[in-house]
Amino acid sequence: MSTHTEVNEWLEERQGRFIGMADQIWSNPELALAEYKACSLQSDDLAADGFTITSNIGDLPTAFMAEWSSGKAGPVIGFLGEYDALPGLSQHNQDVQDPIAVDGPGHGCGHNLLGTAALAAASVMKAWLEHSGTSATVRYYGCPAEETCEGKVFMARAGAFDDLDMAITWHPGSTNTVWAGSSLAVNNIKFRFRGRTAHAAANPETGRSALDAVELMNVGVNYLREHVIDAARLHYVITNGGGAPNVVPDDCEVWYFIRSPERHQVEELTERVRNIARGAALMTETTMEENFVSGAYNMLSNTVISEKMMAILDELGPIEFTDEERAYGKTIADAFPREIRATMLAMENLPKELIEQGLNGEVWPIRDADKVLPGSTDVSDVSWIVPTSQITTTTWALGIPGHSWAVTATGAMSIGHKGMLHAAKAMAMTGADFVLDPDLLQRAKDEFAESTKGRPYQCPIPAHVQPRKP
Numbered sequence: 002m003s004t005h006t007e008v009n010e011w012l013e014e015r016q017g018r019f020i021g022m023a024d025q026i027w028s029n030p031e032l033a034l035a036e037y038k039a040c041s042l043q044s045d046d047l048a049a050d051g052f053t054i055t056s057n058i059g060d061l062p063t064a065f066m067a068e069w070s071s072g073k074a075g076p077v078i079g080f081l082g083e084y085d086a087l088p089g090l091s092q093h094n095q096d097v098q099d100p101i102a103v104d105g106p107g108h109g110c111g112h113n114l115l116g117t118a119a120l121a122a123a124s125v126m127k128a129w130l131e132h133s134g135t136s137a138t139v140r141y142y143g144c145p146a147e148e149t150c151e152g153k154v155f156m157a158r159a160g161a162f163d164d165l166d167m168a169i170t171w172h173p174g175s176t177n178t179v180w181a182g183s184s185l186a187v188n189n190i191k192f193r194f195r196g197r198t199a200h201a202a203a204n205p206e207t208g209r210s211a212l213d214a215v216e217l218m219n220v221g222v223n224y225l226r227e228h229v230i231d232a233a234r235l236h237y238v239i240t241n242g243g244g245a246p247n248v249v250p251d252d253c254e255v256w257y258f259i260r261s262p263e264r265h266q267v268e269e270l271t272e273r274v275r276n277i278a279r280g281a282a283l284m285t286e287t288t289m290e291e292n293f294v295s296g297a298y299n300m301l302s303n304t305v306i307s308e309k310m311m312a313i314l315d316e317l318g319p320i321e322f323t324d325e326e327r328a329y330g331k332t333i334a335d336a337f338p339r340e341i342r343a344t345m346l347a348m349e350n351l352p353k354e355l356i357e358q359g360l361n362g363e364v365w366p367i368r369d370a371d372k373v374l375p376g377s378t379d380v381s382d383v384s385w386i387v388p389t390s391q392i393t394t395t396t397w398a399l400g401i402p403g404h405s406w407a408v409t410a411t412g413a414m415s416i417g418h419k420g421m422l423h424a425a426k427a428m429a430m431t432g433a434d435f436v437l438d439p440d441l442l443q444r445a446k447d448e449f450a451e452s453t454k455g456r457p458y459q460c461p462i463p464a465h466v467q468p469r470k471p
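Its first residue numbered 2, the sequence shown is counted upward by one per residue in this note's numbering.
Hints are computed from structural coordinates only; laboratory data are not their basis.
Since the model is a prediction, treat every value here as computed from it, not as a measurement.
The beta-carbon is built from N, C-alpha and C at its ideal position, and this holds for glycine as well.
Possibly wrong hints are sitting among the right ones.
What the hints assert, rightly or not - With a cut-off of at most 16 Å between alpha-carbon atoms, the simulated EDC-like pairs for lysine to aspartate or glutamate come out as follows:
1) K38 to D24
2) K191 to E272
3) K446 to D434
4) K191 to D252
5) K191 to E291
6) K446 to E308
7) K331 to D96
8) K331 to E354
9) K353 to D335
10) K191 to E216
11) K470 to D60
12) K372 to D231
13) K191 to E254
14) K73 to D166
15) K372 to E349
16) K446 to D166
17) K446 to D163
18) K73 to E131
19) K73 to D164
20) K372 to E263
21) K446 to D164
22) K331 to E357
23) K191 to E290
24) K353 to E340
Claimed, not checked - For each label pair, taking beta carbons as the anchor points, the in silico distance ranges come out as:
25) T240 to A347: 32 to 38 Å
26) A370 to I54: 33 to 39 Å
27) P246 to Q25: 42 to 48 Å
28) I341 to G244: 35 to 41 Å
29) P319 to V97: 23 to 29 Å
30) A370 to N292: 33 to 39 Å
31) V97 to K38: 26 to 32 Å
Please construct the entire structure, taking both the sequences and the accompanying hints into account.
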């Protein structure tokens, strides 16, 4: 029996365990850095499976590593998992928008599936190593706070990935393919201004408005947009704008994401934004305090791993969805305006004719190899430490936006389950193939060394910054 056949059969035999885990995480959505139930569920499961658990990685209470080794001579293969939910995306398992809890959190990015599939891949790879007697070490990383680009960056700063030979992960999506593109590097910073309170009508001249400083900073940044590269992104929300209009606010805050295709560009752009914040404080006679929340690199996909994962997806073939599942997906897709769905298909380089479909289980060629996608992920930081690649599989309807109720709606039913198990099989098979072929693994390492030559990873989070409390 071939390795791939064994992996496939072992995963099918254990699917009830993994589906149950994914559904339990979906039913208990937890926001970034507060994923206590998910972390405990997964670490307890892998401990029972024979893995050694290391907790509190990077001083993150909801980060852990599970490791099992069959021999120190073999390579160390890491699977990256996530389990944080998103605010405001609570949704019942149905094809019309209907939150379980109004304004409550939900798995609108499918991370209940993401973490579980990566865990499943690690567990099944362990079973194969035991059965075959092959020497290797397999690890699963339970990573919190991907949505805020915090978890893996603090874990990286703690050296959690330094001794890996390669890392494998995936992301739920609307197609089966390898995502080989890059992403935007990012800095995540809060700027807090402090002034002097006063009665806004009786004696405003004695006040120094922290809100004025926030607004002047935002105006300055908006003028800056004309003088940055087209691919850069600057966005913000005012997290504290004062308490009442008749009080000159003395304590206000604005939260910025600063993005660009390369890490050095983000650093340069961040300094320009800082200067604007300093200027706003000077103009308003307030003080400015910077709270650096997190930062992340741009993605560095490994071609050798990507091509192997693509071959395995081709071998596995399409996901077979039932007519009922396809109808369910079509109803969800049709809930969104046609122009939004067309934009989403174009962004994914998919034929516009697919807009008439609800679900697509086919396998598509490697995607976005030369493209920078307009988003950020802390998987990118791992990709600058060890050779890394990731796939996507179909877990939600075609053309719908990520971070929406529609993603939550398929995360705990058969559509999401099928995509999750498909991803787990592909990742476990990939890990096994690289263990069995040292030359292939060396090629991945050689490519990584060439890609990072003269550009070693430097954690973007300053040494003095500690993880925030949720």
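Status of the hints after comparison with the structure:
Taken as a hint, the K38 and D24 pair is honoured in the structure, with Cα atoms around 13 Å apart against an allowance of 16 Å. Using a Cα cut-off of 16 Å, the hinted pair K191 and E272 holds, with the two alpha carbons roughly 14 Å apart. The suggested pairing of K446 with D434 holds, with an alpha-carbon distance near 15 Å, which does not exceed 16 Å. Proximity of K191 to D252 is assessed by CA-CA distance (about 13 Å); at most 16 Å being required, the pair is judged to hold.
A distance of roughly 6 Å separates the Cα atoms of K191 and E291; the hinted pair therefore holds under the 16 Å criterion. For the hint linking K446 to E308, the alpha-carbon distance of about 14 Å falls within 16 Å, and the restraint holds. A threshold of 16 Å between alpha carbons decides the hint, and for K331 with D96 the separation of about 9 Å falls inside it, so the pair holds. With a C-alpha separation of about 14 Å, the suggested pair K331 and E354 falls inside the 16 Å cut-off, and the hint holds.
Restraint check: the Cα-Cα separation between K353 and D335 comes to about 15 Å, which is no more than 16 Å; the hinted pair holds. For the hint pairing K191 with E216, the CA-to-CA distance comes to about 14 Å; that is within 16 Å, so the pair holds. Of the pairs offered as hints, the one joining K470 and D60 holds, with about 11 Å between alpha carbons and a cut-off of 16 Å not exceeded. Annotation: proposed proximity of K372 to D231 holds, straight-line Cα distance about 14 Å (limit 16 Å).
Note on K191 and E254: the hinted pairing holds, with a Cα-Cα distance of about 7 Å set against a maximum of 16 Å. Using a Cα cut-off of 16 Å, the hinted pair K73 and D166 holds, with the two alpha carbons roughly 13 Å apart. At roughly 10 Å between alpha-carbon atoms, K372 and E349 fall within 16 Å of each other, so this suggested pair holds. Taking the CA atoms of K446 and D166, the gap is near 8 Å; set against the 16 Å cutoff, the hint holds.
Simply put, K446 and D163 have alpha-carbon atoms about 13 Å apart, close enough for the 16 Å limit, and the pair holds. For a cut-off of 16 Å, the pair hint linking K73 to E131 stands: about 14 Å separates their Cα positions. Between K73 and D164 the alpha-carbon distance is near 12 Å, which keeps this suggested pair within the 16 Å criterion. With a C-alpha separation of about 13 Å, the suggested pair K372 and E263 falls inside the 16 Å cut-off, and the hint holds.
With a CA separation close to 13 Å, the supplied pair K446 and D164 stays within the 16 Å bound. In summary, the hint linking K331 to E357 is supported, as the alpha carbons are separated by about 8 Å, within the 16 Å threshold. Between the alpha carbons of K191 and E290 the distance comes to roughly 8 Å, so the proposed pair stays at or under 16 Å and holds. A C-alpha spacing of about 11 Å is found between K353 and E340, which places the hinted pair at or below 16 Å, so the restraint holds.
At roughly 33 Å, the beta carbons of T240 and A347 sit within the given window of 32 to 38 Å. Between A370 and I54 the beta carbon distance is about 37 Å. The supplied range of 33 to 39 Å therefore holds. For P246 and Q25, the Cβ-Cβ distance of about 46 Å falls inside the hinted range of 42 to 48 Å, so the restraint holds. Between I341 and G244, the C-beta spacing of about 37 Å keeps the proposed range 35 to 41 Å intact.
Checking the proposed 23 to 29 Å range against P319 and V97 shows it holds: the Cβ atoms sit about 27 Å from each other. Against the hinted window of 33 to 39 Å, the Cβ-Cβ separation of A370 and N292 comes to about 37 Å, which satisfies the hint. As the Cβ distance of V97 to K38 is approximately 28 Å, the hint placing it in 26 to 32 Å holds.
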